[in-house]
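Student: The listed protein sequences derive, respectively, from chains H and E. Under numbering that gives the first Met the number 0, think of the first position of the first sequence as 0, with each following residue one higher. Under numbering that gives the first Met the number 0, think of the first position of the second sequence as 0, with each following residue one higher.
Source of the hints: derived by calculation from the structure; they are not laboratory data. We treat Cβ as the ideally placed atom computed from N, Cα and C, and that holds for glycine. One or more of the hints may lead you astray.
Said to hold, decoys possible - The following label-pair restraints were derived from C-beta to C-beta distances:
hint : chain 1 : residue 1 : chain 2 : residue 2 : range
1    : E       : Val422    : H       : Arg287    : 49 to 55 angstroms
2    : E       : Arg381    : H       : Arg114    : 28 to 34 angstroms
3    : H       : Arg287    : E       : Thr466    : 24 to 30 angstroms
4    : E       : Ser299    : H       : Ala104    : 36 to 42 angstroms
5    : H       : Thr322    : E       : Pro350    : 41 to 47 angstroms
6    : E       : Pro350    : H       : Thr380    : 26 to 32 angstroms
7    : E       : Ser418    : H       : Glu265    : 39 to 45 angstroms
8    : E       : Thr466    : H       : Leu86     : 52 to 58 angstroms
9    : E       : Gly42     : H       : Ser27     : 27 to 33 angstroms
10   : H       : Arg287    : E       : Val391    : 34 to 40 angstroms
11   : E       : Ala271    : H       : Ala294    : 56 to 62 angstroms
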Amino acid sequence: MTAANMLRARVTELADAAVADVLTDLASMTGLAGDHPRGVVVDSPPGAGKSMLVVRAAADLAAAGEPLMVVAQTNGQVDDLVDRLALAAPDLAIGRLSAQDYLPAPAVARHVAVRVARQVGDLAGCPVVVGTAAKWATVGEGQWPWAIVDEAYQMRSDMLLRIASRFRRGLFVGDPGQLDPFSTVEIDRWTGLTWDPMQSAVAVLLRNNPDLPVRRLPVSWRLPSSAAPVVAEAFYPFTGFVAGTVAEQRWMEFSTRVLRTGPVDEAIDMAAASGWALYELPARHTVRTDGEAVAACAKLAERVLQRGVVGHCERTPAGQPLTAGRIAIGTAHRDQAQAIRAQLGPLSAAGVTVDTANRLQGREYDLTIVLHPLSGRRDATAFHLEAGRLCVLTSRHRHACIVVARVGIPELLDAHPSTEPVHINVPAKFPDGWEANQAVMASLVKHRVRAS
Amino acid sequence: MSTLTALARAQAVSRGIAQPVSTVRHVHISDRPLVLVALALAGEANAPLAVMVGDDLRSARLLVVSQPRNRDQRFAFAARLAEVVVGYVDDCRSTVENVPPGAGAEIRERFATAPQIIVPNSAGFGFVRLLGRSTRFRRPSGEYAVDPAVPVLGRWLTFFAERAEIPGSCLLLAATQALALHWASGQSNVEDLNLAALMGWIDPPPGMTGPEAAAAAEDPLTWPPAGPATDPTFDNEVLAPLITACGRPGMSTRPRHTAVSALENALAGQLAPTWRLVWRAVELLRALPPGARVAARWESDKDAFTGYSDYLRDGGTPQPRRDSAVAAARRLNWLERSQASYAAQRALDDPLVLAEYRLTGEAFGGEVTAAEPDRVDASGKRRKLRPLVTVVTGDVLRIEPGTVLVSPSRPAQSARVVSVSAVPDTRAADARAAVVLELSGGMGRALTAVPGSVPQVGERLCYTTLTDSYQPRGSFPDRDDTPWTHGGPPPVYVPTNEDVTEEWS
């Protein structure tokens, strides 16, 4: 047995055991009444098979004769879950609860076992009903024995309050390292209350029910072995996780040869060789839509496509050309994404995704280019230091991640230690954004390429 | 900071005076506001030291606590403040107006005016909130009885402090916030929290530039802090000896009276400059023309005032110490809806505010290049008038087809984006885009539009994604049905003795 196969067997065993634990928890709670724990929380690092778990659990509960509701946060997530669930359990009647103006996505419409309805009453007889949290909040009556809440860390606790009467027990699945939900109003009126509506659903759930079991998925199938330790150390310092693959299983090659190399090609070579690259522009304080950084992001994406990168991984050992649809460019602000899209021109239309961290949550690509949130800034605000933002940006890739930044981020961090007030009765949140930023920069400097 | 505000601040520096960032007034200014400038004792949790309060520049009333650490004196102060504040609130309840009925509703009555308290800065909100918190649970009888006006004052102050959290409400205003909404100074946001410095930029004294006046405002001798925190040098050099003098044991009436007057004079000297500044700020704000939607927001303030007034009259309990899970979620939902509608109203009222959204792609301005005012959509059961207009714009666009837009010049009409395309024939170097819009509403009932209701070719106008349309309230469980995820139903509040024995702070 090769080293890769041995590792594969070991991590598969680890991952399977974690999933089995969750399913055992669910089975043991099913049918019980009274004061037993009324749910399970599952923390899942990026790409650890969260959706697979949701589908497995839903199929298991449905098979055990427990009707259940499945709650996701966006229509895209709901459609995706419905599709996966219908593929995994073709005989299961699935209800897709939708808003008035919803047109079934092709992935949903192709399944005969899926019924789409606006009213939950029209879905009677479906053991599994899937909908967005906002849609579930409009359902005024009925109670399901079980609920599965997907992306529960992205849901605000007031939304959980609105839907919690609809179920008796719940499985809450999500990634604690991603961005916290936010509000358009700034107010500290509820700071410290265990039911603070500005907190995430899981935070409030666990503070009010501290005996709820918390399980963890230990293996990231998405992140390559180059990225898993960096992301785990910076953003999951106490729980950690391992990569499901070894370096030999994931690698990139070029189908063209470069005649004149420049810093852009060097950065791409570096990323192909080590999984990371830090493309450093000269130090400068800039406006938010830094023209040079925007151009660099676009140029990198363009060049990756020109060079005909072929990615090899455990799914496609023979290699698969890296197309525009497998590349994403991540930013902190919408206007930055807008500027990069404009700069990309036809490439953006060809399918390169350019979006903010908030919108990239839960998505997966082969190669990502990240405009560092602190690049060119004079100050490091709580928004730009938020650990979840950098975590989302640096954990979307299966092969490599190229970070574009201006020189001077460690110095900027040193000049702006986090000064957020500490409140009574608010549990300390880990990881600290400042520390996580330092940790990521400390890893990235080893993969530095100077732009000039 | 948005790009436009940054520009306005840079211009303020180069021109040496604050620059307007709005074309209309976005706050309601009452004909008779109650200005309240307060000082608290350093080192104590909101122990009132002195207050200058009144509804006219010339009739300031000074209330002083000669020993702020004395509990009895604090409650005596609260009773005297209640006389002014509750008296002012009661005056606002003297006239009633009829509200025209909404759809199917009956004619309602509400008070024709509402009280408006103006404090110098946002720290003043904290003073009002904490003073309300310290007094609203007290009782006029039994152990630790206080003046009956004290708990009433507490409830009203809490009411004002809670209204101040609602975007767009004007029952409790901070002068610095209201000014910063209309002018950009050449200093930082933190420096703008100092009323004297901000007023220096906006309204420098004759012969001085804005930065000079702001620099002069840093001298605590001429411009004492606007409270509630006091100047530490004043505390040590002036206040401490005077308070000691007032509290010397075994003093006869006459020397005590002299000592108290000395303290009052010193504190009046600290309060008077800020008092005049706040009134000057009120004057400046009042001189601005009000935005079109300011009156409607003030009406909802009057409704809230009438509602709370009725609640108190019917013997309502004081506001709870903390929001329950359901109350907190409901309130957040309410605040978010108010925030969205306030932002939209300001943008629709004020082209300068709308310009901020044009820069971020949430609004655009342009010229109508084509119009089909008589287009009828016959696809549904009924034929509907749905004119098409094409607007060509040079603005940044972040608008997808299908989005519904509103134009400030035709707020009753909604425009759905049919398509967005680049204009190929461009003389200018900058990119231009053509937006095709399908209009509905605001054109009369017939299948031909009322003249002027559809934009004509050549007309310049703006469209924005911000809408001020009614947002439905979120549905929440009843308090008694609070789910297990949020700790279950909370206990019912029963007034206890702890309420009255509670420490002040």
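Student: For which of the previously enumerated hints does the structure constitute a violation, in increasing order of number?
Tutor: 1, 8, 9 and 10
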